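As they're listed, the protein sequences go chains A and B.
Numbered continuously in the numbering used here, the first sequence closes out at residue 439.
Numbered continuously in the numbering used here, the second sequence closes out at residue 439.
Each hint should be verified, as a subset may be incorrect.
Repeated chains share a single entry, so a pair holds when one copy, or any two copies, can fit it.
[What the hints assert, rightly or not] The calculated DMTMM-like cross-link candidates involving lysine to aspartate or glutamate, where the alpha carbons are at most 25 Å apart (straight line), are:
hint, residue 1, residue 2
1, Lys328, Glu75
2, Lys328, Glu364
3, Lys247, Asp78
4, Lys328, Glu365
For the record, the hints were derived by calculation from the structure and aren't laboratory data.
Here the structure is a predicted model, which is why all the values come from computation and not from measurement.
There are 2 protein chains.
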Amino acid sequence: MNLVIIGLGTAGYAAAMEAAKRGAHLTVIEKRDFETFSPCGLPYVVDGSIPSFEDLKHSIRLRNTEKLLSHSVESIDIQKKTVRTRDCKKGDYKTVPYDKLIIATGAIPVIPPIKGARELLGKGTFVVSGIGDTSELKKKAEVSKSCVVIGAGAIGLETACTLHNKGLQVTVVEMLPQVFPQAIDEDMALDVKNHLEDSGIPVVVNARVESVTQDGGVVVTADREYTADFAMIAAGVRANFALAEKAGITIGKWGIKVNPKMETSAQDVYACGDCIETYSYVNGEPWMMQLATSALQMGQVAATNVMGGNASYQGCLNTFASELGGKEIASCGFTENQAARFGYDVAVGEGAGRVTADYYPGEETVKVKLIVDKKDHRLLGGQAFGVGAFWRVNVISLAVKAHMTVDEFSTMELAYTPPLSTSHDVLLKACDFVLRRL
Amino acid sequence: MNLVIIGLGTAGYAAAMEAAKRGAHLTVIEKRDFETFSPCGLPYVVDGSIPSFEDLKHSIRLRNTEKLLSHSVESIDIQKKTVRTRDCKKGDYKTVPYDKLIIATGAIPVIPPIKGARELLGKGTFVVSGIGDTSELKKKAEVSKSCVVIGAGAIGLETACTLHNKGLQVTVVEMLPQVFPQAIDEDMALDVKNHLEDSGIPVVVNARVESVTQDGGVVVTADREYTADFAMIAAGVRANFALAEKAGITIGKWGIKVNPKMETSAQDVYACGDCIETYSYVNGEPWMMQLATSALQMGQVAATNVMGGNASYQGCLNTFASELGGKEIASCGFTENQAARFGYDVAVGEGAGRVTADYYPGEETVKVKLIVDKKDHRLLGGQAFGVGAFWRVNVISLAVKAHMTVDEFSTMELAYTPPLSTSHDVLLKACDFVLRRL
Chain A
2 MNLVIIGLGT AGYAAAMEAA KRGAHLTVIE KRDFETFSPC GLPYVVDGSI PSFEDLKHSI
62 RLRNTEKLLS HSVESIDIQK KTVRTRDCKK GDYKTVPYDK LIIATGAIPV IPPIKGAREL
122 LGKGTFVVSG IGDTSELKKK AEVSKSCVVI GAGAIGLETA CTLHNKGLQV TVVEMLPQVF
182 PQAIDEDMAL DVKNHLEDSG IPVVVNARVE SVTQDGGVVV TADREYTADF AMIAAGVRAN
242 FALAEKAGIT IGKWGIKVNP KMETSAQDVY ACGDCIETYS YVNGEPWMMQ LATSALQMGQ
302 VAATNVMGGN ASYQGCLNTF ASELGGKEIA SCGFTENQAA RFGYDVAVGE GAGRVTADYY
362 PGEETVKVKL IVDKKDHRLL GGQAFGVGAF WRVNVISLAV KAHMTVDEFS TMELAYTPPL
422 STSHDVLLKA CDFVLRRL
Chain B
2 MNLVIIGLGT AGYAAAMEAA KRGAHLTVIE KRDFETFSPC GLPYVVDGSI PSFEDLKHSI
62 RLRNTEKLLS HSVESIDIQK KTVRTRDCKK GDYKTVPYDK LIIATGAIPV IPPIKGAREL
122 LGKGTFVVSG IGDTSELKKK AEVSKSCVVI GAGAIGLETA CTLHNKGLQV TVVEMLPQVF
182 PQAIDEDMAL DVKNHLEDSG IPVVVNARVE SVTQDGGVVV TADREYTADF AMIAAGVRAN
242 FALAEKAGIT IGKWGIKVNP KMETSAQDVY ACGDCIETYS YVNGEPWMMQ LATSALQMGQ
302 VAATNVMGGN ASYQGCLNTF ASELGGKEIA SCGFTENQAA RFGYDVAVGE GAGRVTADYY
362 PGEETVKVKL IVDKKDHRLL GGQAFGVGAF WRVNVISLAV KAHMTVDEFS TMELAYTPPL
422 STSHDVLLKA CDFVLRRL
């Protein structure tokens, strides 16, 4: 069985590993001149937390695998079951036949319709997407004193923090009314914004950038101009589905349409990772959530099915975290806002308090928010901010996965030891508040 | 409704709070001359992490509550529905009638049958149980250079660490073949022992102490003698059920027998907390597990039912954690050993690895062990050691609570961000290993 995988990001990589383990004859096609890398690590190379971009690269040793690096795929013929590749170095074209095909073409950064943004790319405006563009940003940062970050999602804020650590004056400008607009609610977002500002990073929300001028040095919104040495564009990513679309494969609202087996509309063609439209685990609705952990699972599911196994991707819980200046922000499932858009009548509860026992020294705090369906009391999602937010959201994520009601969740038995916890954790406090509102 | 609560430990305290909220007329009887305190904090006062014993004390403001402090209960008459109290200061006796009674008499430290152990208490041998005895130990430690800790459970090891922090030479001597014999398996216990020894605290297992002589200065086992300035006895605690037993209330193997409503064998008499025999959430079997978190839940359940509500305690998951010299040890559910004793045929899986992404700086590691029923794949318990062990066990605890199979558990969606995690956490690695063995 001859399997071709297009793209060696997290999903393609996971699919290749799984397929090879199951005895596939593999051809992997990757545009880059190296195999794969960890994009989530990019912001941390900027301030040297991770010493070198090389540290992010990985290569895979797989049996029966032909690797076509520095090769782009020009087209897919789903009738003839071939892909047309181009050697980016030599310019040669080649037709590669497949029995099964996995498309894992990932995502590409969104460059919003800001005057000057695209034209100045690599000169005055920069993105953090691959190793090439991020090293350009890093070089620019090394000769700069200030930067405006356009967009307050994870990549924007994580890089804002590392640029700040590097000594730059950083201002974040976000079009929407809050930071992390996809992941958390406005109340939690305000806490994050305040923390960033306390750390010395001003965050301006409700500010749509109209233009970037003077080699990236001036960022103009309706209200005012921000002057800096360069601008970083962090307006999110979108599924890279052009190739699939051209081949006649069905595209959804967010990316390539797949079923839970990761099959596309074309016979023997699978897709996984950031290039697809995923669906929510909570209600099965189409969803966009481009996370490494989901990509990994999807890649394994695709390869398992390609090789005659029987696996299903259960949908995405959007379990997400980011560390910003020593504090963690994390979320999973639906936000209050998203739940409302999906028509849920929700009750929410927040618990806030200390991380260690009341009588144990330490000032660290954490806040948790739970979102619960009023109808059947099921947990729809949760958010947390502060020290230990990361793992508290993992606990909530598992509860959502297990379809727990908040009544059941409130009987969870957490460990307790004074240096690490209180005897009634903020998770339980948040349950108490929700239960009073049901 | 006139409710009498005997004992203001965690369970009695929680019961009093819940009952007062529900409008009870309360009489609380407590032997101490102050209301309540947090025993889990005691080891941390020894090295000054918590500045003062006073910091551990709490008092409660409750409506319609009569507090009889410095009062012991001499007897309970379950026919006449009265308790006989004695004012420990004045010596007066009083008979207090009740409509409902909650017994929350807690636990008492076990003094093992070691020659000299009991006789030298407060002079050469010390326990960490209340504020009085722990302050005696602290005073002794302040004029000492070395100590032998007899018993390698949580209190023993936590106090061993704080005595070590204080500059004492500490040796731990444990009768059984491992540390934390009730909470973890021998393989995990070996990691903890090695960590303690790397930190400068020798741990001798399989060493039954025969006698303590010379004012606590010499601890003698079959093999050898240990010389130190004093000995600390940390051989665990047992349910304090003498009062209930004398009143004719049924006692189980481990403590006062209760049903899930926390009702004892006597009409209108409830019991909760460390004085009862609890039962395992996993298989419903009688169990002993004296944890603050369970005591809190039990107290609430008892008071809810006393006040005409309808609550059930679902059984104990034994979710436990301890921090020792910067590393966390945690466990929940059954150990491999306990599961075998209960007749389960189990598969286990261990995952070990880094806490942060492979490419992110940091050397911290964590190890997780999962115990799974081979028959139905359900999780029976888990253990973890290292940084982040605490919350990983909380995740496992919730999975056990939700009756998840390891197949379901392995599809959990954890958050991922390089400074805080890897994209495939040790929890998932442990699942991978178990699944291969099923």
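Hint check:
Taking the shortest Cα distances, Lys328 and Glu75 never come within 25 Å of each other, neither inside one copy (44 Å) nor across copies (53 Å). In this assembly of identical chains, the alpha carbons of Lys328 and Glu364 lie at most 25 Å apart whether taken from the same copy (13 Å) or from different copies (20 Å). Taking the closest pair of Cα atoms, Lys247 and Asp78 come within 25 Å of each other only inside a single copy of the chain (9 Å); across copies the shortest separation is 86 Å, beyond that limit. Proximity of Lys328 and Glu365 under a CA criterion of 25 Å is satisfied in both settings, with 9 Å inside one chain copy and 19 Å between copies.
The structure does not agree with numbered hint 1 stated previously, though it agrees with all others.
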